[in-house]
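Student: Sequence:
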Amino acid sequence: MKKMVNLYLYVLIACMLGSCQPSEWNKREGIDKGEEGFLTDLDDERLLIKGTYYKVTHDTYIQNQHGKHLDYSELKVGMKVKPWHRGEATKSFPGKANAKLILVLTDEESAAEQRAVTAALEHVREAESQRFIVLGVTHLPSEHVYTIEMMNRSNMDASFMVIVEDVTDEILYIK
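The end of the sequence shown is residue 177 by our numbering, with every number in the run present.
Simulated from the structure, these hints should not be mistaken for lab results.
Treat the hints with care, since some could be wrong.
What the hints assert, rightly or not - DEER-style ranges, computed between Cβ atoms:
1. Ser161 / His60: 33 to 39 Å
2. Lys98 / Ser131: 15 to 21 Å
3. Ile33 / Leu72: 14 to 20 Å
4. Glu124 / Glu76: 27 to 33 Å
5. Tyr63 / Asn157: 31 to 37 Å
To be verified - Derived EDC-like pairs: lysine to aspartate or glutamate, alpha-carbon spacing no greater than 16 Å straight-line:
6. Lys84 / Glu38
7. Lys52 / Asp73
8. Lys78 / Asp34
Don't be surprised by glycine CBs; every beta carbon is placed ideally from N, CA and C.
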């Protein structure tokens, strides 16, 4: 009986010591949620969402909010998305992260915001090389407009507002 207790004790100690060793599972970096926003640049398998470029790899899963798998080629500038990434995003501006999941929001509100953001981006873009960041979108239903706060990546000192009519997506004002 004493030998059996000693055997269990040795097995318990070995298991405890074994769990202190770095395993493949413990080495994996966690998955973090990025900031929800709008795709404003699709370039070389990278997505610019707010202030972060997300690198899309063969490990990245892209889907809509109903669970339908999407291909990278189906992504469009202006789409509202929720990104998840593996590991830390870099502290540079724009930041960089490896995308694990890109969730494309397809509800009615997100689709309306997408149309307004797309119209605003098309209106302010003067050259194909220009890159913008959408900082925020606010719908003012009583005034029938969206206010879209944007920033040009080449001039990050100041943001500007684009006012878009909420039914026709007509640009009403830029300030």
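Student: Between glutamate 124 and glutamate 76, does the beta-carbon spacing fit 27 to 33 Å?
Tutor: violated (19 Å)
Student: Is the Cα-Cα distance between lysine 84 and glutamate 38 16 Å or less?
Tutor: Since the Cα atoms of lysine 84 and glutamate 38 sit roughly 4 Å apart, the hinted pair holds (cutoff 16 Å).
Student: Would you say the C-beta atoms of lysine 98 and serine 131 sit inside 15 to 21 Å of each other?
Tutor: Between lysine 98 and serine 131, where Cβ atoms are some 19 Å apart, the hint holds.
Student: With 14 to 20 Å as the target window, see if isoleucine 33 and leucine 72 comply at their CB atoms.
Tutor: For isoleucine 33 and leucine 72 the Cβ distance comes to about 19 Å; the hint holds.
Student: For lysine 52 and aspartate 73, compute the direct alpha-carbon distance and say whether it is at most 16 Å.
Tutor: violated (21 Å)
Student: Using the Cβ atoms, figure out if tyrosine 63 sits within 31 to 37 Å of asparagine 157.
Tutor: holds (35 Å)
Student: How does the Cβ-Cβ distance of serine 161 and histidine 60 compare with 33 to 39 Å: does it lie in that range?
Tutor: Because 35 Å falls inside the window, the suggested range holds.
Student: Sort out whether aspartate 34 lies within 16 Å of lysine 78, counting only the CA atoms.
Tutor: violated (23 Å)
Going down the numbered hints, you'll see the structure goes against 4, 7 and 8, while the others check out.
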